[in-house]
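Visitor: Chain by chain, the residues run as shown.
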Amino acid sequence: MHAAHSSEAHLAHHFPGVKAQFEAGKLGMWIFLATEILLFGGLFCAYAVYRANHPEIFIYAHRYLDNLLGGINTAVLIFSSFTMALAVRAAQLGRQKALQRLLSATIACGFVFLGIKYVEYEHKWKEGLLWGKRFKPVHEEKAAPREVPPPKALTWVNPEERSTLAPPADPPAGLAVRPAEAHGEHIVPQNVQLFFSVYFVMTGLHGIHVVAGMIVLSWILLRARLGEFSAAYFTPVDLAGLYWHLVDLIWIYLFPLLYLIH
Amino acid sequence: MSVPLGNALAADNYLNHEKGWRSWLFTLDHKRIGVMYLVSILASFLLGGIFALLIRMELWTPGRTIMDAHTYNQMFTLHGAAMIFLFIIPGIPAALGNFVLPLMLGAKDVAFPRLNLLSYYLWVVGALLALVSIVTGAVDTGWTFYTPYSTTTNTSVISMTLGAFILGFSSIFTGLNFIVSIHKLRPPSMTWFKMPLFLWGLYGTAIIQILATPVLGITLLLLIAERALGVGIFDPALGGDPVLFQHFFWFYSHPAVYIMILPAMGVISELVATFSHRHIFGYRFIAMSSIAIAVISFLVWGHHMFVSGQSNLASLIFSILTFLVAIPSAVKVFNWIATMYKGEVELATPMLYALSFLFLFGIGGLTGLFLGALATDVHLTDTYFVVAHFHYTMFGGTAIAFFGGLFYWWPKSTGKLYKEAWARLGAFLIFIGFNTTFLAQFLMGAQGMPRRYYNYLPEFAPYHKVSTLGAFILAVGFLIAAATLVHSLFAGEPAPANPWGAATLEWQTTSPPPHDNFPTQPEPGDPYEVDKWVYDPAARGYVLVPAAASAGRA
Numbered sequence: 001m002h003a004a005h006s007s008e009a010h011l012a013h014h015f016p017g018v019k020a021q022f023e024a025g026k027l028g029m030w031i032f033l034a035t036e037i038l039l040f041g042g043l044f045c046a047y048a049v050y051r052a053n054h055p056e057i058f059i060y061a062h063r064y065l066d067n068l069l070g071g072i073n074t075a076v077l078i079f080s081s082f083t084m085a086l087a088v089r090a091a092q093l094g095r096q097k098a099l100q101r102l103l104s105a106t107i108a109c110g111f112v113f114l115g116i117k118y119v120e121y122e123h124k125w126k127e128g129l130l131w132g133k134r135f136k137p138v139h140e141e142k143a144a145p146r147e148v149p150p151p152k153a154l155t156w157v158n159p160e161e162r163s164t165l166a167p168p169a170d171p172p173a174g175l176a177v178r179p180a181e182a183h184g185e186h187i188v189p190q191n192v193q194l195f196f197s198v199y200f201v202m203t204g205l206h207g208i209h210v211v212a213g214m215i216v217l218s219w220i221l222l223r224a225r226l227g228e229f230s231a232a233y234f235t236p237v238d239l240a241g242l243y244w245h246l247v248d249l250i251w252i253y254l255f256p257l258l259y260l261i262h
Numbered sequence: 263m264s265v266p267l268g269n270a271l272a273a274d275n276y277l278n279h280e281k282g283w284r285s286w287l288f289t290l291d292h293k294r295i296g297v298m299y300l301v302s303i304l305a306s307f308l309l310g311g312i313f314a315l316l317i318r319m320e321l322w323t324p325g326r327t328i329m330d331a332h333t334y335n336q337m338f339t340l341h342g343a344a345m346i347f348l349f350i351i352p353g354i355p356a357a358l359g360n361f362v363l364p365l366m367l368g369a370k371d372v373a374f375p376r377l378n379l380l381s382y383y384l385w386v387v388g389a390l391l392a393l394v395s396i397v398t399g400a401v402d403t404g405w406t407f408y409t410p411y412s413t414t415t416n417t418s419v420i421s422m423t424l425g426a427f428i429l430g431f432s433s434i435f436t437g438l439n440f441i442v443s444i445h446k447l448r449p450p451s452m453t454w455f456k457m458p459l460f461l462w463g464l465y466g467t468a469i470i471q472i473l474a475t476p477v478l479g480i481t482l483l484l485l486i487a488e489r490a491l492g493v494g495i496f497d498p499a500l501g502g503d504p505v506l507f508q509h510f511f512w513f514y515s516h517p518a519v520y521i522m523i524l525p526a527m528g529v530i531s532e533l534v535a536t537f538s539h540r541h542i543f544g545y546r547f548i549a550m551s552s553i554a555i556a557v558i559s560f561l562v563w564g565h566h567m568f569v570s571g572q573s574n575l576a577s578l579i580f581s582i583l584t585f586l587v588a589i590p591s592a593v594k595v596f597n598w599i600a601t602m603y604k605g606e607v608e609l610a611t612p613m614l615y616a617l618s619f620l621f622l623f624g625i626g627g628l629t630g631l632f633l634g635a636l637a638t639d640v641h642l643t644d645t646y647f648v649v650a651h652f653h654y655t656m657f658g659g660t661a662i663a664f665f666g667g668l669f670y671w672w673p674k675s676t677g678k679l680y681k682e683a684w685a686r687l688g689a690f691l692i693f694i695g696f697n698t699t700f701l702a703q704f705l706m707g708a709q710g711m712p713r714r715y716y717n718y719l720p721e722f723a724p725y726h727k728v729s730t731l732g733a734f735i736l737a738v739g740f741l742i743a744a745a746t747l748v749h750s751l752f753a754g755e756p757a758p759a760n761p762w763g764a765a766t767l768e769w770q771t772t773s774p775p776p777h778d779n780f781p782t783q784p785e786p787g788d789p790y791e792v793d794k795w796v797y798d799p800a801a802r803g804y805v806l807v808p809a810a811a812s813a814g815r816a
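Residue numbers (this note's numbering), protein chains in the order written: chain U, 1 to 262; chain H, 263 to 816.
Derived from the structure by calculation, the hints contain no laboratory data.
Each hint should be verified, as a subset may be incorrect.
To be verified - Pair by pair, the computed Cβ-Cβ distance ranges are: (1) H:574 with U:115: 49 to 59 Å; (2) U:262 with H:574: 27 to 37 Å; (3) U:222 with H:383: 15 to 25 Å; (4) H:376 with U:260: 47 to 57 Å; (5) U:53 with H:586: 28 to 38 Å; (6) H:280 with U:260: 56 to 66 Å; (7) H:284 with U:18: 55 to 65 Å.
Claimed, not checked - Listing some non-contacts, in silico: residues in chain H with all C-beta distances to chain U over 10 Å: (8) 283; (9) 332; (10) 399; (11) 445; (12) 446; (13) 455; (14) 583; (15) 602; (16) 625; (17) 627; (18) 705; (19) 754; (20) 801.
Here a beta-carbon is modelled for each residue, glycine too, at the ideal position from N, C-alpha and C.
Make the full structure from the sequences, and use the hints.
Guide: Here is the structure:
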């Protein structure tokens, strides 16, 4: 009786029934997720265009990213998706304590992710490995790529021949193509900053989404503490869960695209 | 079934259900939100119209007439931005659609009323940011914000693009709300092919709003990041590609012209059926052509970039795909004409707008083929021919349909009838003024007058003078139309429930509708079965024929 009462209490006057309202909420959330995918879709498209036109930049510059930290972050987010799925399950079964614990765990994973991301960003900041105009590598030795043999398939072509774009107005000191090394292994391609522009825009927009997801989940946690959810009414938990999974999913694409380039 | 009759103003309705300004600003009622949108959007139209008149006055003579070149650049940018982002895109869906969609479904509200109010306030915030940009150094980039100029000009590009970004979210939430409402609030007896065609138009529009607008969102975010942080994704000096901006921009902004025209076509389907007093011809073809236009709209953006450094093969493919749009568009036009054929065509004000639409959109659509063809487009790119073409489709199409819909649903939303003679005079002057303004632009464009130019050769002066005169006839037409509507609010006769004899559900409630939309839940049937309605002089409107009588007549 209590369950039936609490579900009716959330029924808006313009819906024929609780089921229709739940389905409407779910459809609305899926449509919203579609818009999120298209928002990132523009960035994935920019990534594809630039990587296809300038593979040398991506192969050279991705080595400045830390695979270990990126990998840990991937694991953290996948684990948070697991706790989120369990949280929805707990809400459906009306297990209040478990719901609150699992939501807290998910939010904690968000903090761990952002913390690790901060360490990565700070390192890049100190090295001057930033986007576009702000790209000014400071420590040439430290900033040098890890010893990874350059892929055999890649033959360096003069950028003027590969691309119709103008060379950078002001090539960053220390990273410009050195004629003596034109056939060597450690060739620094032009426009390395393009990779960092793409990297910071994509991970930055994703980071904003992680923060938004954590805010939403905190609000859900607050409502869960107030005992608003039950086996008969758990729509907000379900919808917030869908959003969180999407945020995780986008990272699962970002990690290999930015860190694991061969 | 008892039919609510006219003169319901004294009774409880959505306008007097609650009182005070709070009851409007915090309302969740789709009808009130629709009215708030209407007022705001008409104010934007007035603003954009004033910019247009200033542009036309400046172009009265070559060289300086009333303003300097920089101000002129700002004027045409603000005219375009205000008309596109504040008026045409939200116009029909957010103002008319918000009011009509739940009524047509026989529902009490849209699926997410709070989201609906949020999308209104997002519109307000976006509009305010656009106003801020006018005050703090108005943008002079043109409404397309092309890089690299938009990243280097010292006008307030950021607040304008941020405004457009927020307006985009408003548009997305409206589309989301409409799709969910149509899926989940449609009564079981109203199948997809029993929906009024306006809802098909809104559904197709909503699909585009949802799938295209986020791409504009990310494009504008990148532009803001470019200006504020120097990200360089569109900056060739930093390895970026300015043509990518154009691809992104038009990936949204071409489908966006169908965000503008699809709901307009939906309005025209209603107007033509109602005022021909005949069942709509080719219902399924009109419905499916809306979806076909929505799908094709995503595949044609490259036709804005024929001269922007796109490969010849890509241009060829985009050109062919562009021609495809003509097919579903023509399907609609022929079905509307077939509906009028042997109908009892009643030349009421909304029908005058609908007929204007057919004429103007016909010209706009056919001149689009000149621009879609590669060889002629190279000659016509960036001339007044393009300006005339998109004004014939956007203004002659969407804006005219918007005003047709406004006059059509005005008695329903306000409960007042306007003076028919004055409204017709307004519609007539708008038609004359519009053609005077823009036919001249076709002619000078074909002869090579470039768009957006401040100065021009003396041989173009006669065309510019005719165009400017036309703009003022247009303005007089709109003043008369506006005065007619405002007059009706204060001195109009009370409107009957169904003044036009339409069979869609919104006419089966009182004018204006009660807070919960229907005094008695209507039974959805064929939305174009107009034979069931006859004029009743006592009610001064149409009433349902009793079932026995209609069976006897048949």
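Visitor: Are the hints correct? Go through all of them and say.
Guide: Tested hints:
no.	hint	in the structure
1	H:574 with U:115: 49 to 59 Å	51 Å, holds
2	U:262 with H:574: 27 to 37 Å	34 Å, holds
3	U:222 with H:383: 15 to 25 Å	24 Å, holds
4	H:376 with U:260: 47 to 57 Å	42 Å, violated
5	U:53 with H:586: 28 to 38 Å	30 Å, holds
6	H:280 with U:260: 56 to 66 Å	59 Å, holds
7	H:284 with U:18: 55 to 65 Å	30 Å, violated
8	283	23 Å, holds
9	332	27 Å, holds
10	399	22 Å, holds
11	445	6 Å, violated
12	446	4 Å, violated
13	455	21 Å, holds
14	583	19 Å, holds
15	602	37 Å, holds
16	625	34 Å, holds
17	627	28 Å, holds
18	705	38 Å, holds
19	754	30 Å, holds
20	801	29 Å, holds
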